[in-house]
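Given these sequences and hints, build the entire structure.
Number of protein chains: 2
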Amino acid sequence: MATLRSLYRSDHADRQELNTNFNVDYVVHYRIPPGGKNEAKAEAAFVQLIEALAKVGLATEVRRGDDTSLLIFVKIASENLLKQQIYRYRVQDWLYGVRTSAPSKDLTSYFEEEPVVEAEKLRLVYLLITKPKAEGGAGITPKIGHWKYVCSVFPLHNHAFNRNWIKQWSTKYILDDSDINEIRDKFGEKVAFYFAFLQSYFSFLFFPAAFGFGAWLVLGQFSWFYAIVNCLWSVVFFEYWKKKEVDLAVQWGVRGVSRIQHPRTQFQFDRETKDPVTGEVVKVYSPLKRLRRQLLQLPFALACLLVLGSLIISCFAIEIFISEVYNGPFKQYLVFLPTVLLTIFMPALTTVLTNLGQRLTEIENYETQDSHQAALVQKIFVINFITSYLPIFLTAFVYVPFAKVLVPHLDVFQVTAQKFTRNGKVETKAFQIDPDRLKKQIIYFTVTAQVVNFLLEAIVPILKRRVFKAVKEVQEEITHKETPEKRPDPEEEAAFLDRVRNEAELDEYDVTVDYREMVVQFGYLSLFSVIWPLTACSFLVNNWVEARADAMKIAMSSKRPIPWRSDSIGPWVTSLGFLSWLGSLTSAAVVFIFSHDPYGPEGDPSNLKAWALLLSILFAEHLYLVVQLIVRYVISGLDSPGLQKERAERFSMRKLHLQETLGEELAESAAAADFTGGETITRAALEEEARLASVSGQTGPGQVFWQRQRGAAETIQIGRLFISETAAANKTKSS
Amino acid sequence: MATLRSLYRSDHADRQELNTNFNVDYVVHYRIPPGGKNEAKAEAAFVQLIEALAKVGLATEVRRGDDTSLLIFVKIASENLLKQQIYRYRVQDWLYGVRTSAPSKDLTSYFEEEPVVEAEKLRLVYLLITKPKAEGGAGITPKIGHWKYVCSVFPLHNHAFNRNWIKQWSTKYILDDSDINEIRDKFGEKVAFYFAFLQSYFSFLFFPAAFGFGAWLVLGQFSWFYAIVNCLWSVVFFEYWKKKEVDLAVQWGVRGVSRIQHPRTQFQFDRETKDPVTGEVVKVYSPLKRLRRQLLQLPFALACLLVLGSLIISCFAIEIFISEVYNGPFKQYLVFLPTVLLTIFMPALTTVLTNLGQRLTEIENYETQDSHQAALVQKIFVINFITSYLPIFLTAFVYVPFAKVLVPHLDVFQVTAQKFTRNGKVETKAFQIDPDRLKKQIIYFTVTAQVVNFLLEAIVPILKRRVFKAVKEVQEEITHKETPEKRPDPEEEAAFLDRVRNEAELDEYDVTVDYREMVVQFGYLSLFSVIWPLTACSFLVNNWVEARADAMKIAMSSKRPIPWRSDSIGPWVTSLGFLSWLGSLTSAAVVFIFSHDPYGPEGDPSNLKAWALLLSILFAEHLYLVVQLIVRYVISGLDSPGLQKERAERFSMRKLHLQETLGEELAESAAAADFTGGETITRAALEEEARLASVSGQTGPGQVFWQRQRGAAETIQIGRLFISETAAANKTKSS
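Protein chains in written order, with our numbering: chain A, 1 to 735; chain B, 1 to 735.
These are calculated hints, taken from the structure and not from any lab test. Do not rely on the hints blindly, as some may be mistaken.
Unchecked claim - In silico DMTMM-like pairs for lysine to aspartate or glutamate, Cα to Cα no more than 25 Å straight-line:
| no. | chain 1 | residue 1 | chain 2 | residue 2 |
| --- | --- | --- | --- | --- |
| 1 | A | LYS655 | B | GLU725 |
| 2 | A | LYS37 | A | GLU476 |
| 3 | B | LYS243 | A | ASP179 |
| 4 | B | LYS133 | B | GLU79 |
| 5 | B | LYS645 | A | GLU280 |
| 6 | A | LYS37 | B | GLU79 |
| 7 | A | LYS274 | B | GLU646 |
| 8 | A | LYS645 | B | GLU714 |
| 9 | A | LYS242 | A | ASP179 |
| 10 | B | LYS143 | A | GLU725 |
| 11 | A | LYS645 | B | GLU272 |
| 12 | B | LYS655 | A | GLU319 |
| 13 | B | LYS243 | B | ASP177 |
| 14 | B | LYS289 | B | ASP370 |
| 15 | A | LYS655 | B | GLU39 |
| 16 | A | LYS243 | A | ASP370 |
| 17 | A | LYS655 | B | ASP179 |
| 18 | B | LYS41 | A | GLU714 |
| 19 | B | LYS243 | A | ASP370 |
| 20 | A | LYS655 | B | ASP93 |
| 21 | B | LYS75 | B | GLU51 |
| 22 | A | LYS472 | B | GLU725 |
| 23 | A | LYS105 | B | GLU649 |
| 24 | A | LYS645 | A | ASP177 |
| 25 | A | LYS143 | A | ASP510 |
All figures in this text were calculated on a predicted structure; none of them were measured in a lab.
Set out below in structure tokens:
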């Protein structure tokens with residue numbers, strides 16, 4: 001059986017099953033539950049599934065999956081239907097202002113001008129499969145309700161493209177726009193935005209890496225100059241990205257797609273009302289009710305802080321006790337105790353809290369997938385913030401300033417330890433603050449953890465799949481012995497079906513995970529890199545690998561993602577802004593606390609002037625805000641390819657419309673400047689018209705008034721008379 | 001001679017000259033300079049003026065103005081030209097996204113559906129007069145360059161409307177939307193936005209007035225509870241207004257008009273280039289050069305602070321010395337010395353600085369009038385901020401906490417005073433902090449100053465006009481005696497011309513002044529009302545009068561304003577946000593410093609715990625920011641008439657377009673929900689098509705794959721077989 005990894009060996013490059021998808025658009029992975037009653041249900045649902053798909057114009061073929069599942073291959077039955085669908089969605093885009101110009105009505109020439117890309121086709125077919133029946137889709141909702149036997153609906157990888165993609169990227173230093181555009185065409189804008197962000201971030205990292213290296217050589221730790229430059233960099237990067245994001249959205253023609261939102265099928269409405277304006281039936285859920293539920297986020301955040309915080313603090317305290325106070329037997333093993341505790345409990349607690357967050361988000365009951373996702377991301381960010389940064393906060397703002405006060409309270413461990421030792425005495429040494437602790441911790445989080453994380457991400461899924469496959473093979477072997485031989489796959493499809501069965505087993509790609517990693521990383525840089533200026537260097541190396549690893553993850557360890565559109569990196573931009581802002585506070589505090597004495601104030605909190613600390617934080621924060629305003633203003637003034645494109649489109653539209661309404665020769669000049677006034681109206685004609693109007697019938701004070709001077713010539717004559725009279729009067733006066 | 005005030009006496013209501021404008025759209029006030037050489041120039045320019053106006057289709061009549069000026073009456077010559085112009089501008093609006101739908105091409109019925117309002121007509125005629133010749137206007141730029149003899153170009157008041165307006169408003173407690181809409185139709189959106197803002201602010205004031213009154217009774221001064229509620233209120237008001245602003249803009253059909261910007265005639269470009277995209281010739285001014293000049297704002301702000309600050313501090317010091325230290329002769333007169341000094345120097349310095357600000361803004365050389373205005377408003381705000389709030393800042397944060405330390409340094413006055421007294425001895429008394437000083441000051445600024453300001457605003461212009469008129473009449477009398485009698489005005493026009501001569505003398509209405517007043521007032525409420533909770537009560541009364549006074553100012557003491565459009569209150573919203581935010585800081589600081597001891601810490605700064613003060617400020621500020629986020633989120637979820645209107649327009653447009661492209665019957669359903677898929681395509685037809693396609697020619701692995709199961713029925717049949725096989729296998733396995 002071909003593992004996916006083996007697909008990328010060069011000798012397999014010309015294997016037929018990898019170079020064709022047999023025109024399959026989607027595969028529906030349909031699980032057959034064991035048990036007689038369920039089987040009947042599954043069969044009935046299967047029939048309905050095929051009928052529903054056929055009804056909306058999708059052709060189907062069914063094949064065996066693994067032992068307990070079917071693979072249903074789906075493709076759009078006619079080219080015509082596809083074009084109709086795409087045309088309609090493009091018209092919708094235009095109506096919502098996503099496209100500047102309406103698609104032309106001549107379909108044949110239109111699709112030659114703006115051909116259908118792979119991502120667009122796949123997106124529309126997916127919508128056709130999953131949209132509710134009332135809106136013209138087949139209404140298939142994987143894993144939910146009636147369709148619970150549908151495990152997944154996924155498109156097939158384009159392995160020819162993937163192979164080429166991975167090969168190109170692994171031999172390239174810098175990714176350029178065309179690389180990102182290729183991803184966009186294959187995997188949609190949502191994934192492309194991630195890579196675009198990663199790429200921008202990577203390019204921006206060159207500066208802090210170089211500057212950080214210099215600072216490390218020259219300025220050392222805790223330099224206020226480094227802190228300022230670092231903050232400034234993070235502001236510039238943040239503002240740059242916000243502009244870049246809009247720019248990309250314009251270039252990709254997706255600006256504003258977040259307005260065309262996909263309704264969540266799980267959304268539960270209080271009542272249906274008719275929209276007073278449009279007469280549409282609208283599903284309403286009381287926003288006040290939602291707000292009340294959203295307020296649960298506060299106790300949720302507190303719970304996270306409490307649960308994760310107490311774990312982190314306990315481990316921290318144990319660690320300090322063992323490494324810096326305890327001096328008895330087994331010390332060399334005991335130092336690993338906190339790490340072991342963290343490794344065991346942290347993932348468990350994080351999972352529990354993440355599930356809780358998911359549950360909360362479901363309770364909040366959003367109407368659209370976007371707002372649901374954004375709310376979930378918020379909660380995930382809270383959890384990640386605590387797990388990632390709290391240990392360092394503890395070291396920097398509790399351990400170093402207050403250690404001498406707090407360490408004696410670690411007696412509790414001593415007492416505990418005494419119970420387990422024979423003579424009731426625990427050997428201790430005099431407590432000494434570890435001056436390098438903070439730096440060591442930063443290095444751990446920014447180097448070691450990144451490497452470990454990368455390995456976990458790259459290797460664990462492969463191992464997992466291997467183990468699963470092994471188990472399955474053993475199971476199948478047992479089954480095969482007992483059951484009649486299944487009919488084999490047709491020869492020309494066998495390899496292809498094997499490959500599809502493999503793809504069906506893969507995880508779904510979740511871009512959120514990758515964003516989270518990058519945003520947390522940005523946080524280390526912004527919040528704490530003043531402690532260890534080499535941080536950015538480590539990230540620079542890490543991110544070069546990261547981009548390739550993520551590409552490999554999509555190409556090899558995941559099902560092909562549904563090519564959703566999006567016009568930004570969504571809620572993550574808020575997180576970035578928050579971290580960048582918080583960086584100004586922490587950097588100021590760290591510099592203030594540690595800069596005078598590189599080892600901190602040696603555990604005596606009274607050495608610290610609290611007001612001076614607060615003042616420097618306050619000052620740094622407001623400096624940050626002012627600088628942000630200025631940077632934003634400057635960046636908003638810059639031109640960009642996206643804005644140019646938009647301007648060009650608007651210009652051509654303006655010209656076109658004016659040609660239609662005003663005629664060719666005028667439009668040429670009118671489109672460029674503002675609209676010209678009365679060139680077509682000659683002066684004489686106007687005067688004539690005015691005179692006619694005034695003569696014909698209407699009389700009254702207005703008419704008499706306007707008839708005193710007939711035409712400009714008379715006005716000029718009378719005016720001249722007045723002027724000379726006035727001048728004469730003036731002369732008399734002054735003489 | 002009729003004064004304008006007399007126009008509003010009821011007995012004049014039926015006077016003919018007040019009820020008609022003789023169809024005059026604009027009056028050009030043309031000054032004839034004394035002196036032979038200038039006279040010739042003025043005459044030549046006059047001829048060019050009339051010709052330029054005639055060329056763009058404007059009819060003119062000339063009449064005598066006062067002794068040294070002409071009045072040129074302008075109206076658009078033909079109804080047709082007007083409609084053409086308006087149609088073009090509406091098309092432009094549509095192209096820029098201001099209007100949702102394009103104007104229909106049938107002009108006659110179109111103008112019946114959407115008639116021209118007065119403000120629209122006047123705006124277009126003004127544009128026709130003032131736009132550069134290259135863009136189809138007459139290119140008249142009052143007071144500038146070639147047109148320096150043109151004093152002003154102004155529309156005539158609609159006195160029938162004005163009379164009615166003032167009468168209605170003075171008998172009404174609450175203004176409603178229709179009142180604001182009337183203003184919009186007559187004076188344009190820019191003025192209407194001011195009144196809408198004033199009205200919203202007024203309604204919002206009811207809450208702090210009631211709550212403040214309660215707090216004054218129950219909580220007293222310096223209550224943290226009042227401070228929190230007040231901050232919350234200011235956040236809610238600010239966020240509400242930002243939404244209301246957008247809403248009004250949508251309702252008035254001006255959302256986004258700030259994008260259609262009027263170029264500044266004074267803009268000087270570095271070079272002209274062709275836009276790479278559109279080929280338009282664009283005038284470019286280096287943004288870097290502008291940025292460099294914008295940086296001058298920093299020294300400008302510092303200069304303002306230094307100049308105004310030193311004046312304020314000196315007067316403050318003198319005042320304290322005289323009122324609280326000095327005890328010698330003439331004390332009862334000397335206490336007025338600081339007030340006299342302030343009254344003399346403050347307006348002078350403010351004028352100088354404002355002029356400097358204007359000069360700076362000109363140097364910054366903006367391309368559009370909007371950005372110029374915004375930059376100017378910024379500078380005016382800085383000046384006003386200092387003059388309005390610095391005295392209170394001094395009292396609250398310098399005088400009260402540090403007086404005991406600082407007052408001894410006032411010796412300098414003592415020494416000075418000694419020189420002027422005979423015996424060289426100045427009687428002094430022991431210094432005592434005036435505990436009520438802060439409150440007195442707030443009352444002065446929020447009650448006394450408001451009343452004084454109102455009187456100045458209402459009465460000074462009238463006095464000024466009277467004096468001018470008297471001087472002029474005397475002058476004219478002298479002149480008349482010496483010069484030959486002028487021909488009198490024609491009888492039927494005499495009264496009308498008199499009225500126009502009066503209007504020509506009036507000041508131009510500047511809405512900025514009124515905004516400034518309200519924003520500064522909002523600042524007192526947000527920054528300092530915790531010192532005196534009755535502040536809002538005073539403002540409530542004041543603003544009722546203010547709205548009427550401003551209406552009278554427009555109707556009687558000003559030329560009719562050019563009815564410009566605008567889609568917001570512009571740069572003032574930034575100032576409001578800033579003051580609201582700053583309020584959280586100052587309130588926290590004031591409460592912290594004064595709440596323990598109502599008379600402050602009695603001049604001993606060491607009593608204050610600086611870190612606690614800073615901490616409370618820091619806390620208050622961040623609380624404010626969090627609350628703002630929440631309020632913004634909640635308000636963004638609310639529906640509003642404007643949003644409803646927009647939705648309705650978009651809906652009808654969507655429907656219309658779909659009717660055109662898809663045909664009537666489909667559009668009905670498609671417009672409502674998303675687009676339906678394949679209802680028109682029957683299942684059988686699709687399957688047939690797929691089969692045909694697969695049979696006809698194309699063969700290959702894909703074709704064979706899709707031909708295994710012909711149609712959904714076969715797929716179902718095979719699928720069922722697979723399911724039962726699987727089930728059988730499962731049974732065997734489990735048995």
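(message) Holds or violated: LYS37 of chain A and GLU79 of chain B, Cα atoms, limit 25 Å.
(response) violated, 82 Å
(request) Measure nothing beyond the straight line between the CA atoms of LYS655 of chain A and GLU725 of chain B; if it is 25 Å or shorter, mark the hint as holding. (result) The given pair, whose Cα atoms are some 66 Å apart, is violated under the 25 Å limit.
(request) With a cut-off of 25 Å on the C-alpha distance, tell me whether LYS655 of chain A and GLU39 of chain B pass. (result) violated, 46 Å
(request) Assess, step by step, whether the Cα of LYS645 of chain A is no farther than 25 Å from the Cα of ASP177 of chain A, and give holds or violated. (result) Holds - the C-alpha atoms of ASP177 of chain A and LYS645 of chain A are around 15 Å apart, at most 25 Å.
(message) For LYS105 of chain A and GLU649 of chain B, compute the direct alpha-carbon distance and say whether it is at most 25 Å.
(response) holds, 23 Å
(message) Between the alpha carbons of LYS133 of chain B and GLU79 of chain B, is the straight-line distance 25 Å or under?
(response) It holds: about 22 Å lies between the C-alpha atoms, which stays within 25 Å.
(message) Need the status of pair LYS75 of chain B, GLU51 of chain B: alpha-carbon distance at most 25 Å?
(response) Holds, at roughly 14 Å.
(message) Check whether the Cα positions of LYS41 of chain B and GLU714 of chain A lie no farther apart than 25 Å.
(response) Measuring from Cα to Cα gives roughly 19 Å; hence the hint holds.
(request) Given the hint that LYS243 of chain B pairs with ASP179 of chain A, test it: the Cα-Cα distance must not exceed 25 Å. (result) violated, 41 Å
(request) Given the hint that LYS37 of chain A pairs with GLU476 of chain A, test it: the Cα-Cα distance must not exceed 25 Å. (result) Holds, at about 24 Å.
(message) Tell me if the straight-line CA distance from LYS645 of chain B to GLU280 of chain A falls inside 25 Å.
(response) The given pair, whose Cα atoms are some 14 Å apart, holds under the 25 Å limit.
(message) Can you confirm whether the C-alpha distance between LYS243 of chain B and ASP370 of chain A stays at or below 25 Å?
(response) The hint holds at about 23 Å.
The structure fails to meet hints 1, 3, 6, 8, 12, 15, 17 from the earlier list, while all remaining hints are met.
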